[in-house]
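Those sequence lines, one after another, are chains A and B.
Under this note's numbering, the first residue of the first sequence carries the number 1, and numbering increases by one thereafter.
Under this note's numbering, the first residue of the second sequence carries the number 222, and numbering increases by one thereafter.
Hints are computed from structural coordinates only; laboratory data are not their basis.
Please note: incorrect hints may appear among the correct ones.
Footprint (simulated), chain B over chain A, 3 or more residues, beta carbon under 8 Å [as the list claims (entries may be wrong)]:
hint, region
1, 110 to 119
2, 129 to 142
3, 148 to 154
4, 197 to 210
Bear in mind that the values here come from a model prediction, so they are computed numbers and not experimental data.
Idealized CB from N, CA, C, for every residue including glycine.
Single-letter residue listing:
Protein chains: 2
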Amino acid sequence: MSISIDKIKEPVKGELLDFEKHFREAMKSSAPLMDKITYYIIQKKGKQIRPVLVFLSAKMCGTINPSTYVAASLIELLHTATLVHDDVVDDAYMRRGFFSVNALWKNKVAVLVGDYLLSKGLLIALDSQNYNHLHTLSTAVRLMSEGELLQIEKARKLDITEDVYFDIIRQKTASLIAAACKAGAASVTENLDVQNQLWLFGEKLGMAFQIKDDLFKSLNS
Amino acid sequence: MSISIDKIKEPVKGELLDFEKHFREAMKSSAPLMDKITYYIIQKKGKQIRPVLVFLSAKMCGTINPSTYVAASLIELLHTATLVHDDVVDDAYMRRGFFSVNALWKNKVAVLVGDYLLSKGLLIALDSQNYNHLHTLSTAVRLMSEGELLQIEKARKLDITEDVYFDIIRQKTASLIAAACKAGAASVTENLDVQNQLWLFGEKLGMAFQIKDDLFKSLNS
């Protein structure tokens, strides 16, 4: 609320502008309907917190380089894919004040677009031989989907303790933020201690974000 | 119909038995609900045409080795993930005579399980450093999702020519079969000509399969 996102972005403003061109290119498809949808997704783009964290983490630990851009593209493609899949998952018909892809094109298309974005992210990482980014990201996807399922299971039983709540949000929300920070660091240093510290930082940040989000939700319900 | 699947499997029977243990292990999750669902998916497993093609292609071009098993696991995880996602996509409530995952646990879970399986496949390939398999597979996923979207777009316009039909089935069905044959070959030989020939063989086989499937569907409707 109080601290402006522009102020946070300031140290990596130039890189973010370059990144946007990068990312637009990365989403291109030969299928016209796919192109129309990804264009629409880019239009309603959010705060780009995750790429910002990739660039900030990289700059903090070393010198931003092409591998940092790959990490940022990969994280943002993955995040976008999971948002599109979340639209199915939550049956959400509005997102960020726009109608969701799901509402406009239905579940069928949402799943396909999500899968397409995942595969594009993969190919970018493979083509540039950034295998460590891929490993970080696949781990995040595994944790996220397990966390969501854990939530479904536990929510049904109505017996969530604080520990279980922390487990769930650590997996479903914090793991991608953690991956963003770690991948940023990994793009500039091979020091595993530093990379793991950045993962932990991102994990705490992601959990704080989710706690705040859940508190606001329960205040408004 | 007339040629028995057992006869086709015969040359790689032993490898398929080993593979099944492999695959069961690969699907394991720390989330109990995830485990329950993947167990259910394994129970109603299909003909395993894709792993069979991986092993046959490998045996035809060289000597089956651990990389062949990785390729087979990867292809089958991916195929299972796309089946689970297809259940959302097609709103299909029956598959192979069983109720689909979607019908039992709804879209929410189907998307998550599909994503989980994709990430598990990724991690297996990354951990064993089988990057070329990953490249083959990501290309297949990209082609499949684009092909499905192309079909949605074209079907709406009701102006499908034979060429467009072939384009669609080449992408949406044949690319994963092609990937299975190519990955099998790639696990035993570095000869790119041979690998590409196997891709083309799988592509023709996949297209033939889809044409037969579409013909039966139109005969029954």
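Hints versus structure:
1. 110 to 119: Answer holds; 8 residues pass the 8 Å Cβ test.
2. 129 to 142: holds (count 8)
3. 148 to 154: Result for this restraint: holds, n = 5.
4. 197 to 210: violated (count 0)
The earlier numbered hint that this structure contradicts is number 4, and it is the only one.
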